[in-house]
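Chemist: Sequence:
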Amino acid sequence: MPIFSTRVLTYLRCIFRLFIGMMLTLALAGCDFHTPSSQLEQIRQRGEIRVGTLYGPTSYYQRDDVAQGFDYELAQLYADWLGVKLTIVPAYSTAELVEQLQKGKLDLAAAAIVVTPERRKLFRFGPGFYQVSPKLVYRNGSPRPKGLGDIKGSIVVPAGSTGEDLMRELAKQYPNLNWRTNRDADLEELLKQVADGEVDYTVVQDTILARTQRYYPELTEGLTLASKQTVAWAMTKVPDDSLYASIIDFFGQRFMDGAIAKLDEKYFGHVQNFDFVDTRTFLKRAKSLLPKYQAMFQTHAREIDWRLLAAISYQESHWDPQARSYTGVRGMMMLTEPTAKAMGISDRTHPEESIKGGARYLEEMMDKVPDSVPADEKVWFALTAYNIGYGHMMDARRLTKQLGKNPDAWSDVKEVLPLLQQARWHRKVRYGYARGGEARNYVNNVRQYYQSLLWLDNEQQKAHRREELDEDDSSEPAAPAERPAIIAEVVKQIITP
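In my numbering, the protein residues as written are 1 to 497.
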């Protein structure tokens, strides 16, 4: 008698066939049909992340062949965090950037992109990390508009920009508003055209305007066109949440460890209320005085950027070799007599002697700044010491620590410096009273003049390259122009009404 009945055997055969079928299906699935990798896994597998950004003073630019910019540095931090290479894909306009993102040529876009309802329909946004305010700008000397209904002239904005989205919304309330887009000019070009009187108005974020006014002082803030707007990174809308979740995690950690605050301080911390007269005077003197002393700054700067040394000298004396203060400091770098003697300087009113002494003294202060201070922030601590003395600078650091803040972060120390003027606080420190508020303003002013000189020198180099190209194309080569002469010509074009 069979152990299993025919019905049981038939049942077992079916189970066996089903089991074999399942095994074959699983085997085939394992061999030929991989589960699609997540968006984040694909980035890690190829070893790079493609980030789109915009050329501009806050997002991405090259200085001395080194990439810089708030958005660039933040993207680099993210790439390092992922352990992949950062590939920057710069664009000249928001419209071009948006097109690249839509076509899948980018993993994300990082370019001070404002989150708007229209853009939310197209893209997914990461967490907002700062806010901006849209401003209507015009040329100084033109009638200041009281409201949008009062505008006489045309508003021009870059095509595909936040300004275009904003103008479309405002046009619903002001149907007679005269505005248009320009596909051939980016925002920086339009700002220059406004400064030159070629365009009546344009729209710009307040953070960009504050920096650009240092180069084009004719730019004047008119109206605030909307409430604060949030800036965030943009990604294409896909069902996969891996990249989005990673970005949220990254920003959470960077807010906690202070990395974003440090970048904010680096690029925006020194931007104060704009002073038209001061900026215009500075640019005029960059034309008339700086070429006389530029070679001296370059010779004695050594490890210091010569443009920073020149900025310090302007803050100290407005490049006047005979300058003197009621406190007894004198010369281009306003050295005290004991400091000049210690630096081996016999004549404080001799331009080159003063520049050499100031450079040596700044180097000495930088060498004394504790190694715990990040290398890229040491100079601001050294400048504080240059202004009020090393002991007072160290007092400010110790007081910062006592208040539960970071004594190695300039963004924290500069907020504590004014406390050295208050009896409640300077009684608690070793060296007592100091003009800490003035020291903070001193550093901020130097940083602003430094940024202006960096921009002017960059324009000078561009002009120099254009001259070289013109010489290559010319049958009769012309004698190369002196670099100081070029910078003077650049400034002349900027400040001439």
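Some clues are possibly wrong.
To be verified - Across the chosen pairs, the derived CB separations fall in these ranges:
id, residue 1, residue 2, range
1, LYS428, LEU122, 30 to 40 Å
2, GLN131, TYR431, 54 to 64 Å
3, GLY437, GLN322, 22 to 32 Å
4, LYS121, ARG424, 28 to 38 Å
5, TYR431, ASP376, 24 to 34 Å
6, GLU198, ALA375, 36 to 46 Å
By construction, these hints were calculated from the structure, which means they are not laboratory data.
These figures come from a predicted structure and were not determined experimentally.
Using N, Cα and C, we set each Cβ at its ideal position, and we do this for glycine too.
Chemist: Against each hint, give a clear statement of whether it holds in the structure.
Modeler: Hints and how they fare:
1. In this structure, LYS428 and LEU122 break the distance hint of 30 to 40 Å, their C-beta atoms being roughly 56 Å apart.
2. Take GLN131 and TYR431: their Cβ atoms lie about 39 Å apart, and the range 54 to 64 Å is violated.
3. At about 28 Å, the beta-carbon gap between GLY437 and GLN322 stays in the expected band of 22 to 32 Å.
4. Separation of LYS121 from ARG424 is about 54 Å and departs from the stated range, judged on CB atoms against 28 to 38 Å.
5. Separated by about 27 Å at the C-beta atoms, TYR431 and ASP376 satisfy the suggested range of 24 to 34 Å.
6. The supplied range of 36 to 46 Å is met by GLU198 and ALA375, whose beta-carbon atoms lie about 42 Å from each other.
When the structure is compared with the earlier hints, violations turn up for hints 1, 2, 4 and for no others.
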